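Asks: Residue-level listing of the chains:
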Amino acid sequence: MVSKLQVPLTVAAYKSDVHNDWCPGCGDFGILQALQQALAELGLPPWETMVFGGIGCSGKVFNYMACYGVHTLHGRVLPFAMGAKLANPDLEVIAVGGDGDGYGIGAGHFVHAGRRNVDMAYIVLNNEVYGLTKGQASPTLDRGQQTKSLPLPNINDGIKPLALALVTGYTWIGRSYAFDGKHLKEMIKQAIEHKGMALLDIIQPCPTYNDLHTAEWFNKKVKEEEKSVSKLVTVEELKHDGVIKDPTNRDEVFEKQRKAFDLIQYRGERIPIGVFYQIKLPTYIERMQSQVPMLKKYSPVRIPYADANHLPTTDLTDAFEEITF
Amino acid sequence: MKNELTIGIGGAAGDGVASAGNTLAQSMARLGLYVYAYNSYQSVIRGGHSYLRLRISAQKPLNHGNQINGLVALNQDTLNRHLPELLAGGICIYNNDKLKPEKAPPGVQLCPLPIYELAGSTALPVMQNTVAIGALIQLMGLEFQALESVFQNVFAKKPQVVAINVSAAKAGFDYALKHFKPFSEKLYKTNNRLALVTGNELLGMGAAVAGCKFYVAYPMSPASGVLHWMAPHAKELGICVRQVEDEISVINMAIGAAHMGVRSICATSGGGFALMTEALGMAGIIETPVVAINVMRGGPSTGLPTKTEQADLNQAIGASQGDYPRIIMAPISISDCFVSVQEAFNFAEQFQCPVIILSELLLSEGNETVNVEFLEQEIKIERGELITPENSTMGKTYLRYLDTPSGVSPRAIPGTPDHLYVSATDEHDEDGVIISDVYTDPVIRKKMADKRARKMQGILQKISKPSLEGSNEAEVTIIGWGSTWGVIKEAAEQLTQEGIKTNHLHFKYLVPFHVKEVLDILKKSKKTVIVEMNQSGQFARHLSAETGFRAHAHIRKYDGEPYEPKHIINGIKQILSQGKEIVEVLSTEPGWRTPHPPGPGVFTQAARIN
Ligand SMILES: Cc1ncc(C[n+]2csc(CCOP(=O)(O)OP(=O)(O)O)c2C)c(N)n1
Ligand code: SF4
Ligand SMILES: [Mg+2]
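These protein sequences, in sequence, are chains W and Z. Quick note: the first sequence uses the numbering used here, first residue 879, plus one each step. Quick note: the second sequence uses the numbering used here, first residue 6, plus one each step.
Please keep in mind that the hints were generated in silico from the structure rather than gathered at the bench. Possibly wrong hints are sitting among the right ones.
In the EDC-like style, the derived pairs of lysine to aspartate or glutamate whose C-alpha atoms are separated by at most 20 Å in a straight line are [to be verified]:
1) K452/Z - E432/Z
2) K893/W - D423/Z
3) K532/Z - D564/Z
4) K1012/W - D431/Z
5) K385/Z - D1020/W
6) K162/Z - D895/W
7) K1175/W - D431/Z
8) K893/W - E148/Z
9) K162/Z - D1193/W
10) K893/W - D436/Z
11) K452/Z - E478/Z
12) K401/Z - E1199/W
13) K521/Z - E1164/W
14) K162/Z - D1185/W
15) K191/Z - D1196/W
16) K240/Z - D1193/W
17) K240/Z - D895/W
18) K240/Z - D1119/W
19) K163/Z - E1200/W
20) K183/Z - E148/Z
21) K385/Z - D895/W
22) K1174/W - E432/Z
23) K882/W - D436/Z
Derived CB-CB ranges, DEER-like [to be verified]:
24) K1174/W - I587/Z: 40 to 46 Å
25) D1124/W - N319/Z: 54 to 60 Å
26) A128/Z - T1046/W: 47 to 53 Å
Some but not every residue of chain Z turned toward chain W, in silico, with C-beta under 8 Å [said to hold, decoys possible]:
27) L104
28) E241
29) A262
30) M265
31) G389
32) L391
33) I392
34) T421
35) I440
36) I574
As the structure is a computational prediction, the values presented were derived from the model and not from experiment. C-beta: ideal position from N, C-alpha, C; glycine also.
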């Protein structure tokens, strides 16, 4: 278990002095700030918190934080972070990456991570483009759309990451918006606090390359039943409660999954944000511990295997017995 | 006479060749006799030709030998293919109710067994194997008790099965006494305490004693044996063992775990290793210790899934973009797998870099008896420079990638208070923070690249130098690497006995390379011959790239079958007598050949119309 600080640190304690090279107006700034606020409010000690980054503009979040951080490979933030969490479940693990990183090159890991329910938060900065490599179409860009860098409109359909998360087993599925600091911070806190694999997909304007879905575009009012309303709408406003009360109740699970699926798809003129689905299931570590009790006693990083003279203490007598005739 | 017998057991896959071989090998181990087994199986579950060769001796055999003294044929195909290989004085055991031998070679005794009579007409087909092994043990002059106790051991939970097998084996044992002549070459039991084990099992066990607590895998022959050992032992040893979606995930998880301070390792074959390479470079730049095993099989691509080759040296040397310190080592025998993996963990942690172990199908899936005392030896666990509460730099600035004379920077495990750091896969400064993109700084870049490269000097001091085996004054020096140590050693000794003085320089550590020491040896050698199991001479190129030295001649084999001593002996003789520069060896015995049905392109016109 990650310890909680008696006296929470201020947000400043989670900030590093490293120069930030994101473009002015980038949604990533809002996300970085909300993450630092969330950690401070949760009272998580920086030395017991690890932020892992993929490769992309989004992958640099760790670089601007004062906690343990690793920059991994393009598309590989999930396996790296899962390996780390399994090795030391006592640390709080947060993986941060881009939409290209997680839903494109890393899509295989994304799918299989859902099956495991490792207790960690996966935060995806979804800007519909490959920001760092100059704005090529990402897997979430819809068909027919043509962002600034594209010579022709996109002829692929866009992936629906939250729907994919639903069918692959993520146990907390939410969406938020980079410039809605309050909502975003709450969503990050929930994703971190959820015991299991959480996917938080964050709509992130990229002013440099995504000229279709800009902050101004998200701020524009839309018409619904003759009324002028905001484009982003919370699931609460839509009367959706995606939290499963009884995970063993198949009817409740199916019903909420179906509703979540509808809402994830629902765009029309409005984009729902909030928690679409949450279910409490045994985490991967709990599943492993039930098979390998020693992992309950110690996390792998703490299992002793050498004595004071650095000689191995692992007892292979039984294993030798099996092969000695 | 060397008190040694080589036995072939062959049949269709599914005939129980492996279980017959195991029963025999285990009985030998129980009698204190050393075994070296090579299984030339095909990648099929049923059908196909499966052939096992076991070399049994009171002295440890280093390879599967040249020829067979005994044959246990479980199907007609085996009888046809391998009967001609038997040496004079040899014995061929087969089921007389089903199989008919062609003419036996001179001096070979045919031993037909009336299986139905001995095992009962209702017995399961596999009982023929049991009867045959019983007969074989008799003809080898060994006691029945060993075989009986193996059955008791294998079927411990099923007393009825033990009884059926013991009575079938005894029937074969007694029948052979009455009807056949024993081998003239007798074997005697010894007091050696022996374990029978594969290289893959030893890689798993070695990792376990070294304190490995994290093993992730994706199945791929011939590396899956490591997973198959790890998975059932995870519980008692407290190892986190997982099978995941692909090898990219495997290596990234392994590095993620290693980054947190766990000793973590993964094993795959060439195709999976190819997927892992980008991440190995990551381990290089973020200086995370990790061990990756590539159990080589025939390539390229899907290649020869069930056959052996030493053709991934180039891949290991070229794994991942950029320059970074790495260690590449190739165990030289099955038992060396046990030691190699323990060394690999120590090196990885001492130098905070990836270690690549190039094992090979021949070692990983081959069976060998090992003295139990060898397995009980204790190798010190050395974790390198770790920040502990005692030596913590609490209060001072902590630089994870501190530029030190050795290039090794003291490592804090995440979770240590007051030692926060980030590790970037972009080039970074001593604090781990990215310096690329906007702020690429040539001076810092060079400083950090040099720091990492300096580690290679330290590694060279640690790894043992290659040394010459055999006489210093030799006519021929055979150079080899990895799995071929045993077969070259035997060939060199045999050549020397025949009057061609031969010594042997063998490489276990391939990167980094002891350039000066190796050149000192090779400069004094008269005729140097490199023996390797690949087509293009990957080691020959490596040697010349490192030292500028070009060997006089080469023996190469890439047909999927391992070297036998005779291949190397003949090769050296051809090089000496005919001045050949390259001898390519091919295993051409009929036993290695398999008839293939024609592909779709070779149907005749008539067949198409019909
Ligand atoms: C294996 C590999 N392929 C390609 C790249 C080049 N690359 C770096 S970032 C990136 C795309 C980033 O897009 P996204 O994940 O959406 O992140 P963003 O920059 O938009 O935040 C690519 C293709 C790489 N670093 N590694
Ligand atoms: S390219 Fe786009 S995503 Fe990247 S920093 Fe600039 S605005 Fe942000
Ligand atoms: Mg993107």
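Asks: Run the distance test for K1174/W versus E432/Z: straight-line Cα separation, threshold 20 Å.
Replies: 38 Å, violated
Asks: Hinted pair, alpha-carbon criterion (20 Å max): K183/Z, E148/Z. Please report holds or violated.
Replies: With a Cα-Cα distance of about 16 Å, the restraint between K183/Z and E148/Z holds, given a limit of 20 Å.
Asks: Does the interface hint hold: is T421/Z within less than 8 Å of chain W, judged Cβ to Cβ?
Replies: 7 Å, holds
Asks: Holds or violated: K240/Z and D895/W, Cα atoms, limit 20 Å.
Replies: Given pair K240/Z, D895/W is violated - Cα atoms ~45 Å apart, limit 20 Å.
Asks: Quickly compare the C-alpha distance for K240/Z and D1193/W to 20 Å and report which way the hint goes.
Replies: 13 Å, holds
Asks: Would the pair K162/Z and D1185/W pass a check requiring their Cα atoms to be no farther apart than 20 Å?
Replies: With a Cα-Cα distance of about 37 Å, the restraint between K162/Z and D1185/W is violated, given a limit of 20 Å.
Asks: Quick one, is the I440/Z hint okay against chain W at 8 Å, beta carbons?
Replies: 10 Å, violated
Asks: Compare the distance between the alpha carbons of K1175/W and D431/Z with 20 Å, and conclude whether the hinted pair is satisfied.
Replies: 37 Å, violated
Asks: Going straight from one Cα to the other, do K1012/W and D431/Z come out at no more than 20 Å?
Replies: Given pair K1012/W, D431/Z holds - Cα atoms ~18 Å apart, limit 20 Å.
Asks: Against chain W, run the beta carbon of E241/Z and see if the smallest gap drops under 8 Å.
Replies: E241/Z check passes; min Cβ-Cβ to chain W is 6 Å, inside 8 Å.
Asks: Taking the least C-beta to C-beta distance, is I574/Z closer than 8 Å to chain W?
Replies: 33 Å, violated
Asks: What's the verdict on K532/Z and D564/Z, does the C-alpha distance respect the 20 Å limit or exceed it?
Replies: Judged against 20 Å, a Cα distance of about 26 Å means the pair is violated.
Violated hints, in rising order: 3, 5, 6, 7, 8, 9, 11, 12, 13, 14, 15, 17, 18, 21, 22, 23, 24, 27, 31, 32, 33, 35, 36; the structure is consistent with all others.
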